[in-house]
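J.: Spelled out from the first residue to the last, the chains are:
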Amino acid sequence: MSATDLSPALKPKTAAPESRDKGGPAQPLVIVKDLQKHFPVRGGILGRTQAMVQAVDGVSFEVKKGETLGIVGESGCGKSTTARLLIGLIEKDKGEIIFDGQGLGETLSLKDLRKDVQMVFQDSYASLNPRLTIEDSVAFGAKVQGLDDPNGRARSLMARVGLDPDRFAHRYPHELSGGQRQRVNIARALAMSPRLVVLDEAVSALDKSVEAQVLNLLSDLRREFGLTYIFISHDLNVVRYISDRILVMYLGEVVEVAPVDSIWQEQAHPYTRSLFSAMPSMDPDSRTQEPPLAGDPPNPIDPPKGCRFHTRCRFASEVCKTRVPKLMGLPGNAEHLAACHLHDATSGHPKAGQGVPQ
Amino acid sequence: MALAETDAMQGGKTEKPQGYWAGVGARVVRDPVSMICLVVVLLLILSAIFAPYLGLPDPYKGSMIARLKPLGTEGHLLGTDEQGRDMLARLIYGGRLTLFIGLMPVVLAFFIGSALGIVAGYVGGMTNTIIMRVVDVFFAFPSVLLAIAISGALGAGIVNSLVSLTIVFIPPITRVAEAVTSGVRALDYIDAARATGASALTVIRVHVIGNVLSPIFVYATSLTSVCMILAAGLSFLGIGVRPPEPEWGLMLNTLRSAIYINPWLSALPGVMIFITSLCLNLLSDGLRSAMNVRD
Amino acid sequence: MLSYFFRRLLLVLPVAFGVSVICFMLVQIAPGDPLTAIMPVDATAEEQAAMRAAYGLDKPLPVQYAIWIGNLAQGDMGKSIATGRPVAQEVFGAVQNSLLLAVSAAVIAFPIGIFLGFLAGYFRDTLLDRAVTALSITGVSVPNYWLGIVLVIIFSVNLGWLPSMGAGPGGSQSWEWDWLHMRHLILPAVTLAVVPIGIVARTVRALAGDILTMDFVQALYAKGMSRGDVLRHVARNAASTALSVMGLQLGYLLGGSILIETVFNWPGSGFLLSNAIFQRDLPLLQGTILILALFFVAMNLIVDVAQAAIDPRIKRS
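Protein chains in written order, with this note's numbering: chain A, 1 to 358; chain B, 1001 to 1295; chain C, 2001 to 2317.
None of these hints come from the bench; they were simulated from the model. No residue lacks a Cβ here, since even glycine has one placed at the ideal position from N, Cα and C. It is possible that some hints are incorrect.
Restraint ranges, calculated between C-beta atoms of paired labels, are given here [said to hold, decoys possible]:
(1) A:Pro298 with C:Leu2061: 52 to 60 Å
(2) C:Pro2111 with B:Gly1055: 47 to 55 Å
(3) A:Val324 with C:Leu2061: 56 to 64 Å
(4) B:Arg1205 with A:Arg223: 33 to 41 Å
(5) B:Ser1214 with C:Arg2232: 35 to 43 Å
(6) C:Ala2206 with A:Gln50: 33 to 41 Å
From just these sequences and the hints, can you work out the full model?
T.: Dropping the structure here:
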């Protein structure tokens, strides 16, 4: 099955992203500014709000057109909340989401955003309606959006993701393997002709061999359909493989953003450093020297003051407990951003401006 | 992409998969107990519907001289009641009202309760709180007590019985519907459907109802037996169907006076209630296990 | 533990409020004028209006409700229209008799139900299991008012062993713990016990079956624990659910004994209730339902608290 024998129904849509481009190639597809989402914790007899979980707290980043931004972090750091905020499944408390130059809730309605942004979920089974056939699941979005020939689109997309429509169209999700189901999920996202696809741990639940196949498929599809990806995972190797840039989150905040090669060379934030050092290495010469991160992440209901990582950071000093570090470019590498007092010469940290010690 | 083909193409059977309900039906048919019960219930319903065409004596026409004839009497296979009316005819005609008042409330409560529960479970928040707190209050009454309280206040009558029994069964069905719907609501495919920009109504119609209705339905079928017993019980107490209508509970009540004269005759209407409720219970159990096969 | 109790108690208040509203509404949905029973047929419009005002029936519903609840708080549930006696007095006497019947039925039903259910759960998929399952499904399917009649036919009419009516010799209303009175209790208590036997057996069977297949049971056997000790662990795990089912059943027995009390002329709350219905004695109807429902609410509360006391998972959530 190659891209050339796609049905005519799909053809015009493959060219669509260009025509839908409003801001030109220089305009980032997504700009997120100070995004914030706090979930209330209800309790007591009257169900009053007792506290707020600061799931996402002041997150800012950009996604350029056609790139893949990988987001990594421990579970509970706000990765998935960020993803769901981006596709409007949960409402943001504060901040801006600017999609191709248009602010969500200003010039861009949620309804319009949903035409351009789709998501692939982690649990391939829970994300498919068990009572719908594969074809109906894939065609549902296109039907809702009133695109022409939804079932034709569904079938040709199934073919494109490697599922023979004659064999699979009328099957139910429980009759498919995990990898096959995840292909269906990808086809369903693409059936809406999105420009941005958010992949939330989309390959994490798959066997390693199947994971590799699906990753390859995703790379091919991105090129072919001119897509932009936000790829969320806890697996650094996978993120490295597919991403152009990597964003690291910790307790609802962005601690580091950098191009893949740059971050692989130098992890500018102590947290990123410990994440990377926790990765098992195949090379006996590059044994892990760093002690692993101790303890669990602090409670997001009551995150530490100042730098949120200071409770687990080897290099923390007094200033880290009081002042919140700003996300800023490293000296000599403006593309590589980190939020750490060690890199800010004016921060007042005893070792300020020296970078993370080896 | 060569590797991908192997993963994607495996399990290449091409036969068209069996639909969900066809599978359930096939499993029910294969279970002898369920089949017998199904046949009995269908026979009861059909004989009630076609009672006038069965060549039975008039169930309302009594005879002063032919009262309380024992079982096996010439011309009265199951004897006669305290007014000399043919028991067989009254038992078969009695199925009309008994089955109607015994099953209809669950049907009505199924629609109303499902609607309330699905809305509460899908919308959540304040809507959910209001609906479910009201349901909680109704749960503070044992079902027998609630049915008798409402029927007792409204007075006897077919419509009043339907109303009171429907009110009794709405809260439990709502509670189950809400629980099932909240469970489904949390699954990713609902988020995926919402992300397409579909309206809440479309999401509920396409993605929620099909997945919550069968567990609610199975639960509702398990209530039919209780409802039958309760409906006949209301008539037995004298706050259901009014005489001289033939109805099993009412017949059981009026025949109590005959308990020393012709005891087994006076127990007959209860046998009908028992058989019906037993078959409904077994059928519901059969349906439950037939539908649970996949989980 | 104490804080759980108080939190749970506070949750009961809105339910109790709702229950009182429903009981209040019972009189409102009743057809006809509540005064027709006591008003002379030839009363003039002025006399009717005066009577209405005297009973507070000219006031808006919420005000009427507030007055009713205010009186209730002082233990005043109104007077029975039929007997003229205070409703509270009538109801409490009857509830005692109903409680006696319900508890007797529970004493019969729970041990039998637990025993049968455990046998079936332990010997899953054997002939014994199938027999118990059939028995319990029969138990929950039987219309117990009919079963009562059948038992009367067998033991009173045919065998003449046991009395079929009342709570004591000669229609006695006062209970004594002697054989003369207790023989009156046997048939209604056994009749009432049949449904809970079925339900408890079903619950315990499912619980025992589920717990016995859990990994921790395998682990206990694997480390050499004796069969009896393992069963103790199983019983501990089943206790909290079984207890809550039985507690609810006790509540149902009290509220559900109405039909049985009618069959056996047992002078309990159900008997009172059916009298109230036929005499259109709405204050008595209202009062009886309210007391029975509040008793059921209290029973639920006790069950929840008891469950929390023996199940460590509940307190924390």
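J.: May I ask you to test the hint 35 to 43 Å on the CB atoms belonging to Ser1214 of chain B and Arg2232 of chain C?
T.: Holds, since Ser1214 of chain B and Arg2232 of chain C (Cβ atoms, about 39 Å apart) stay within the stated range.
J.: Could one say that the CB atoms of Ala2206 of chain C and Gln50 of chain A fall in the range 33 to 41 Å?
T.: Check passed, 37 Å falls within 33 to 41 Å.
J.: Please test the hint of 47 to 55 Å on the beta carbon pair from Pro2111 of chain C and Gly1055 of chain B.
T.: With Cβ atoms ~52 Å apart, the hint holds.
J.: Given the hint of 56 to 64 Å, is the C-beta distance from Val324 of chain A to Leu2061 of chain C inside that range or not?
T.: holds (59 Å)
J.: Check the following: the C-beta atoms of Arg1205 of chain B and Arg223 of chain A are separated by a distance inside 33 to 41 Å.
T.: holds (37 Å)
J.: Does 52 to 60 Å hold as the CB distance between Pro298 of chain A and Leu2061 of chain C, or does it fail?
T.: Holds, since Pro298 of chain A and Leu2061 of chain C (Cβ atoms, about 55 Å apart) stay within the stated range.
Violated hints: none; the structure is consistent with every hint.
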